[in-house]
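Make the full structure from the sequences, and use the hints.
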Amino acid sequence: MANRRQFIKLSFMGAGAVALSSGAYGALNFLSSPEEVKKLKVDLKRTPTYCEVCFWKCAGWVYKTSEGQIWKIIGNDEDQHCNGRLCPRGTGGVGMYYDEERLKTPLIRTSDRGKQIFREASWDEALGYVAEKMKSISSKYGPESIALFTHGSGSTYFTTLLKAFGSSIIAEPSYAQCRGPRDEAFMATFGEEVYSPEITDIRDTKCLVLIGSHIGENMHNGQIQEMSDAIDKGVSIITVDPRFSTAAGKSKYWLPIKPSTDLALLLAWMHEIIYNNYYDKKYVEQYCSGLDKLKEHVKDFTPEWAYGITTIKPDLIRKTAKEMANAAPAVIVHPGRHVTWYGDDTQRERAIAILNALLGSWGRRGGFYRPAKFDLPTYKIPVFPEPKKSWTDAFPGRYPLASSPVSNAIIDATIPDNKPGFEVKGWIVNGTNIISSIPNQANTLKAIQNLELLVAIDTMPMEITGWADVILPECTYLERYDMLRVSPHRKPAIALRMPAAEPKNNTRSAYNIARGLALKMGLEKYFPFEKQEELLDWQLKQVDSSLEEMQRIGMKTRERDADDLYFGEDEKVSFSTDSGKIELYSKYFEQAGFDPLPKYLPHEEPPEGFYRLIYGRAPMHTFGRTANNPNLTDLMKENALWVNPKVSKEWDLQNGQYIWLKNQDGVISDFPIRVRITERIRWDSIYMVHGFGHGQKGMKRCFGKGASDSQLMTKVLTDPIMGGTGMRGNFVTFVTKKAESEVAS
Amino acid sequence: MRYAMAVDTKKCVGCSDCVVACQTENNVPIGFCRDWVVEVMNGTYPQLEIEIRSERCNHCVNAPCVRCCPTGASHFAEGGIVLVEKNKCIGCGACIASCPYDARYPHPNGYVDKCTFCIHRIKTGMEPACAAVCPTKCIYFGDLDDPNSKVSSVLKKRKYKTLIQEAGTKPQLYFLI
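First to last, the sequence lines map onto chains A and B. FYI, the working numbering numbers position 609 of the first sequence as 1238, with every residue one higher than the one before it. FYI, the working numbering numbers position 117 of the second sequence as 1200, with every residue one higher than the one before it.
Please keep in mind that the hints were generated in silico from the structure rather than gathered at the bench. It is possible that part of the hints are untrue.
[Claimed, not checked] Here are the simulated DSSO-like pairs of lysine-lysine, each with C-alpha atoms no more than 30 Å apart in a straight line:
| # | chain 1 | residue 1 | chain 2 | residue 2 |
| --- | --- | --- | --- | --- |
| 1 | B | Lys-1233 | A | Lys-881 |
| 2 | B | Lys-1093 | A | Lys-942 |
| 3 | A | Lys-924 | A | Lys-951 |
| 4 | A | Lys-951 | B | Lys-1093 |
| 5 | B | Lys-1093 | A | Lys-881 |
| 6 | B | Lys-1239 | A | Lys-881 |
| 7 | B | Lys-1233 | A | Lys-862 |
| 8 | A | Lys-1009 | A | Lys-1185 |
| 9 | A | Lys-693 | A | Lys-1266 |
| 10 | A | Lys-862 | B | Lys-1093 |
| 11 | A | Lys-881 | B | Lys-1242 |
| 12 | B | Lys-1220 | A | Lys-881 |
| 13 | A | Lys-1133 | A | Lys-1329 |
| 14 | B | Lys-1240 | A | Lys-862 |
| 15 | B | Lys-1093 | A | Lys-948 |
| 16 | A | Lys-1275 | B | Lys-1093 |
| 17 | A | Lys-887 | B | Lys-1093 |
| 18 | A | Lys-693 | B | Lys-1206 |
| 19 | A | Lys-1329 | A | Lys-922 |
| 20 | B | Lys-1220 | A | Lys-1120 |
| 21 | B | Lys-1244 | A | Lys-862 |
| 22 | A | Lys-1201 | A | Lys-910 |
| 23 | A | Lys-1120 | B | Lys-1233 |
| 24 | B | Lys-1220 | A | Lys-1002 |
| 25 | B | Lys-1169 | A | Lys-674 |
| 26 | A | Lys-769 | A | Lys-1154 |
| 27 | B | Lys-1239 | A | Lys-862 |
| 28 | A | Lys-1185 | B | Lys-1220 |
| 29 | A | Lys-1266 | B | Lys-1220 |
| 30 | B | Lys-1244 | A | Lys-674 |
| 31 | A | Lys-881 | B | Lys-1244 |
| 32 | A | Lys-881 | A | Lys-911 |
| 33 | A | Lys-862 | B | Lys-1242 |
| 34 | B | Lys-1220 | A | Lys-693 |
| 35 | B | Lys-1240 | A | Lys-881 |
| 36 | B | Lys-1206 | A | Lys-948 |
| 37 | A | Lys-1266 | B | Lys-1093 |
| 38 | B | Lys-1169 | A | Lys-693 |
Structure below.
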């Protein structure tokens, strides 16, 4: 390959880096006898944190042994995100700290007699190197030529850094690869997003409708807890999924839909609800606009019409529409979270939003509640320089309704052939393995070839670090402060994260890394506090608390200012839409040139011998980032390929057999995946859990374990409204023998 | 006093939080576990049903592991909890062979290990780690002799079953169905 830049498997790092790892793993088993455990309990120390293994950010306590070693993490009873119960990933968060294969020290890519490798560097050198490069790129191409991809708690600091530097080219894959379509659709309909944690009042719902959302396998802690409470209270769950998910197993109705046809079902439900007068007339009259147009629009979308498309029997469509109406307004047609599937996702989410409006569930008990956020002043830093370019200048007019920067557009803008409005020459990537989290890997790698600087900031040697020029090792959430958690919920609350241990090896917190870079570039005025705890203490003192108090109590929950969790009887509500109403018919979409009412459009079907690639989550892993966590890998080491028995018979596949997958573009998975023959998946699809098939030898526990769904997503169905990357238009077939030349080493 | 546990199969989502919480609480070495999750699926697409169970030692009233232990390491503690006294255990594995539930494992340090119902926690009034962590609150623990305990209350209200009844061990792990 004549690449300027080659991927480096981090196991080939210098000997020094390897030596550092010895002995760390043993710490996991430092105790074994009950006597020792008992002895420990005498002198337990606990420090507050909130979890960073996923985005739910549950508050908890880190317990340490009398020797000061991290022992276990337990949920904070007061926390509305977790109610004292962490999920398996939160409980297994200790493994993130103890993982002996963490990134340990800054690394700089170097050339050694034609071979590109990494060498260890001091923080001073590594930060200086990055700062110099950023400045020289900026002087050549402008500050907007440096882009940031970020996820998680580090986002705040690196965003501040970039903005101070003069660039606003900052994207989070959680938008265009995940929940963007949902947020745009709900904004267009209700003038409000559904937040994180979602404002779904599952606790008090009587009917929960899940469209491809597999709560229980996606471990969104509070939602699972509330679903369980609702089961105790007799909730009826309706699950729409081509796969018999865990949630389907708990459902009164499971609708085994043909993949990619959900919109037809949603339209038929609207038809039933409107034409049978099941909808909440008072609510719709008072709060909504556009019913007449909607009614006309769905006139022909009968259950019989939808049957031909979805394969769901008309009777079942009618029964479930009635079920929802009977429960209304205590009904939730769940918006889901990862919803970038088929490229018309914003419209599908619009249909979900409209259904909720018809049922009157928005703002009602058992539907969607009104969130409340803790009012926390922020420290005033100097005004950022006015950025000369916005991400939208890369391709003017593309994705006109995207309210957040689209990560894939920034990748496209890094490729000069695409003739972007400005050049992107440097990437800073923090806390997201964009090789795996953004589909079309070939495109991402092509973009990387055009970079003059790629900085990866992570805790683990993820694939993206192998492409980096500089790797800055971040410490885990258990070893640092971060900004206070202020996510809205039923009651306003804040939660503190503080270090339970010193940063391991030569790692640093994201705050310190960002501040370190700022100092090197003369931007220290944007990071006025040398220590983050000083900033936190200042902030807490503005709300009659202090760092000292929060270190003791972990979190603070306040009562709401008013009794307004739900809309009051006949309350006048002004929605933040153009009309001030809930817009069943979206003039906003119409003006932008999009369908004002959602339409069903057929999607491509798998060719003969191919099956639709459907992927999802496992409760013990978060994306691909936990794949090497010793505790979590112990619960699930690899993903399996779910195959319907009819299909396995046709292909003579055996349970437990390892095979490779080949997609419609001829891409073969690097690693084989174990076949699981099960009735739980439709015959036209296969299913696998996302986040496996890692190719980094530096992560021994997960290297080559299972297959990567991301690798097979070469076809992207982009949502023209907001740029979401639909990933469910890929089809795969089975390769039982792989030629030796093709087998990944 | 008769300690018992009930697991609600209607609520369990099989997330394995009980497994990792037990491992960290009790310092179970990676690669071993005292509790685990079983999924049983029946039917043909799309007529399917699934039962998910968090399983562990059944703390049997008539425990074959206690009976067959040559050294007396396996014994009944208060409330009928079956324990292994590791200093007396010679790691012969007779108990592992005798257990119909496969609830015991050989600890790398040379003794046999298993679920203790977190006796160190319940003595201080806490629940076993698995019950305390479960996000679906599907694990009920308590004293069957106390009619108001969580486990007694739920067994009064709900249909339940035990596993491998034919072994005649009188298991004390109940599954709500």
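Q. Are the Cα atoms of B:Lys-1220 and A:Lys-1002 separated by 30 Å or less?
A. holds, 27 Å
Q | Pair hint B:Lys-1239 and A:Lys-881, alpha-carbon separation not exceeding 30 Å | A | holds, 24 Å
Q.
What's the verdict on A:Lys-1133 and A:Lys-1329, does the C-alpha distance respect the 30 Å limit or exceed it?
A. holds, 19 Å
Q: For the pair supplied as a hint, B:Lys-1240 and A:Lys-862, confirm whether the alpha-carbon distance does not exceed 30 Å.
A: holds, 14 Å
(Q) Between the alpha carbons of A:Lys-1185 and B:Lys-1220, is the straight-line distance 30 Å or under? (A) holds, 24 Å
Q: For the pair we were handed, B:Lys-1244 and A:Lys-674, check the Cα-Cα distance against 30 Å.
A: Violated - the C-alpha atoms of A:Lys-674 and B:Lys-1244 are around 41 Å apart, more than 30 Å.
**Q.** Distance restraint between B:Lys-1206 and A:Lys-948, which requires alpha-carbon spacing of 30 Å or less
**A.** violated, 51 Å
Q: Verify the proposed pairing of A:Lys-1329 with A:Lys-922, using a straight-line Cα cut of 30 Å.
A: Measuring from Cα to Cα gives roughly 58 Å; hence the hint is violated.
Q: Measure nothing beyond the straight line between the CA atoms of B:Lys-1093 and A:Lys-948; if it is 30 Å or shorter, mark the hint as holding.
A: Holds, at roughly 23 Å.
Q: Please work out if A:Lys-693 and A:Lys-1266 have their alpha carbons no farther apart than 30 Å.
A: holds, 27 Å
Q: Below or equal to 30 Å on CA atoms is what counts here, so check B:Lys-1244 against A:Lys-862.
A: At roughly 22 Å apart (the allowed maximum being 30 Å), A:Lys-862 and B:Lys-1244 satisfy the hint.
(Q) With the threshold set at 30 Å, check whether the alpha-carbon distance from A:Lys-862 to B:Lys-1093 stays at or below it. (A) Roughly 12 Å between the alpha carbons, so the hint for A:Lys-862 and B:Lys-1093 holds.
Against the hints set out earlier in the document, violations occur for numbers 19, 30, 36.
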